[in-house]
Amino acid sequence: MTVESSAARKPRRTAAGKAGTTGGKTGTTGTKRTTRTTRSTAKKSTDPDLVQLLTPEGKRVEHAEYDAYVAGITPEELRGLYRDMVLTRRFDAEATALQRQGELGLWASLLGQEAAQIGSGRATRPDDYVFPTYREHGVAWCRGVDPTNLLGMFRGVNNGGWDPNGNNFHLYTIVIGSQALHATGYAMGIAKDGADSAVIAYFGDGASSQGDVAESFTFSAVYNAPVVFFCQNNQWAISEPTEKQTRVPLYQRAQGYGFPGVRVDGNDVLACLAVTKWALERARNGEGPTLVEAYTYRMGAHTTSDDPTRYRGDEERLAWEAKDPILRLHRYLEASNHADEGFFAELEAESEALGKRVREAVRAMPDPDRFALFENVYADGHALVDEERAQFAAYQASFADEGGH
Amino acid sequence: MAEKMAMAKAINESLRRALDADPKVLVMGEDVGKLGGVFRVTDGLQKDFGESRVIDTPLAESGIVGTAIGLALRGYRPVVEIQFDGFVFPAYDQIVTQLAKMHARSLGKVKLPVVVRIPYGGGIGAVEHHSESPEALFAHVAGLKVVSPSNASDAYWMMQQAIQSDDPVIFFEPKRRYWDKAEVDPEAIPAPLHKARVVREGTDLTLAAYGPMVKLCQEVADAAAEEGKHLEVLDLRSVSPLDFDAIQASVEKTRRLVVVHEAPVFFGSGAEIAARITERCFYHLEAPVLRVGGYHAPYPPARLEEEYLPDLDRVLDAVDRSLAY
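These protein sequence lines map, in sequence, to chains W and X. Per our numbering, the first sequence runs over residues 2 to 406. Per our numbering, the second sequence runs over residues 5 to 329.
Hints in this document: simulated from the structure, not taken from any laboratory. All values derive from a computational prediction rather than experimental measurement. Be aware that a few hints might be false.
[Unchecked claim] Subject to a maximum C-alpha distance of 16 Å in a straight line, what follows is the list of computed EDC-like cross-link-like pairs (lysine to aspartate or glutamate):
1. X/Lys-113 <-> W/Glu-376
2. X/Lys-28 <-> W/Asp-194
3. X/Lys-113 <-> W/Asp-164
4. X/Lys-199 <-> W/Asp-381
5. X/Lys-233 <-> X/Asp-317
6. X/Lys-113 <-> W/Asp-194
Given only the sequences and the hints, what does the whole structure look like? Please build it.
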């Protein structure tokens, strides 16, 4: 299922060896890179300089710099990426339906961002650490977090239903951009430990405006922390387009902090895999942080509470649907004879089974015990919490005569 | 062996001991390295423990606390310094939404043993934002513990205990008491971190305070004694949790309570104490719980701060008002 092995077999490339090739990257180390920076910043922001390995039509295109990171990828691994995306989308659709049925209070759909999440998620190693926002269901999938565990917080039975250290996948963070600093601190710790793990921090185009994200760029650059900032630019921060967040393409912000930034086609799972592997490898090699801007599109609403018809039109959505991340890999798998009818049929059945499992798990999810609200407020206890718990218990017990409450 | 030292030095020695005892302990903040902090509390620590453990950070408070959270998630025990009380607010979001809540959010799976040191309070003739007492803003947040020592010995031991705590602790250091000296015995058995202490026994009225106001309350008790009034002085030491049992025990004896803090009275810790002690000691009280503290106005320019801060006469006035009931 993992494609980790393919690029790991490739010889490690040095930063110097990578300079002077093409791609939408703003570099800071090495002389040749400076030249390229000038060239790419001179481009209009409306002409995104995307790293792309797979066109929307499913055609594999060469890339001098990043091909190496997916060069050894096998048909089985390609099918694995496809399977990840299909199952993630199916899970996501089920969660949206469960919200509509009243089983979840809210859902934040990842529809359209499957390639960005699966590509980057599959680039990570088990010992790496992931800091998500609240929409990284695909990354959670790659890390081995059971999808049903993601739903507790959206159903309202907990605020985070998994052990972050179980899969090195931190809890979803709702306050925008906060986790970029946690990721940076964690990466500083890895560096202190002398480990060769890396950290990846997810956030969106809206979060790029947050001070915490700016500060995480500063801290990670100053301490050369092994962290990859993976920004999914899905074009919309609820109702505000990216133009309301920035005047320059987001990946170019990295230049000002002294580390490379690259814009990748966020609907191209191969490109996301390759670029993230490169960035993680830089981190492991002690070359510090990297900003990856995955240029993608939030095909659904911000959350189930949102109404995108108030702020964007169908044409835009239709244009992006033509660039669908799953569709293009489907086309490529078919055209290259890497998958047959049987594979797609089997996957369809597996998808439906996943939907059923998720549905049943959510419906069976019990409400927490009422005393849970006093649990884990402190690790070492707190006199006031003890006192209030006792008062609460006495209050609850006062209903006992009425046949339970 | 006990040694007489200033509070700033006692905190320095305590940090040194913690750095020495546990390689996971880190000190981080603005100017904490070569300079030793603007109050010299971290003096010499970077020289002895290196730049990797005593970390000069970029000038960004949210970044300091946010990265400290990440380091704690990796297994470190960061002690971060916020340079002055009024500079903590860029970090307030990280402290309130992340530091305080992550343990509960994770259903107890992760712990955040982070100490946030904040030199606080007025009386040093400083410019704006250098004299504030924002402890109530932190005590209001579940998940945080808030303490404030009043003397060098407590500062030493409470810092040891705060670093050992698996909960985040906001450690308010009364900056105007940094240079007051007291005996510090590194081999003593310290009182529990969140227990109040009777620093002077009395029968007529209880003065409850913490941090910089404990010394003032002792002076008030001295002055009142000359008039034949015997005041009990309680050093609360911890603002969250508050040791209500100790306050209650004292008030049941003296039947009168005056709470003193530099922070504004409105929604201050004294308000919480008044409400709960009224509930616990309603039939013991001879007078309403009175409070002496700052006014509902921005901390004033230095030339006016003596009008704003509780002083001997203002506390004595409250004592007289209470005794008059």
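Cross-check of the supplied hints:
In summary, the hint linking X/Lys-113 to W/Glu-376 is supported, as the alpha carbons are separated by about 12 Å, within the 16 Å threshold. Proximity of X/Lys-28 to W/Asp-194 is assessed by CA-CA distance (about 10 Å); at most 16 Å being required, the pair is judged to hold. With a CA separation close to 6 Å, the supplied pair X/Lys-113 and W/Asp-164 stays within the 16 Å bound. For the hint pairing X/Lys-199 with W/Asp-381, the CA-to-CA distance comes to about 15 Å; that is within 16 Å, so the pair holds.
At most 16 Å may separate the alpha-carbon atoms for a hinted pair to count; X/Lys-233 and X/Asp-317 meet this at roughly 15 Å. Taking the CA atoms of X/Lys-113 and W/Asp-194, the gap is near 22 Å; set against the 16 Å cutoff, the hint is violated.
Violated hints amount to a single one, hint 6; each of the other numbered hints is respected by the structure.
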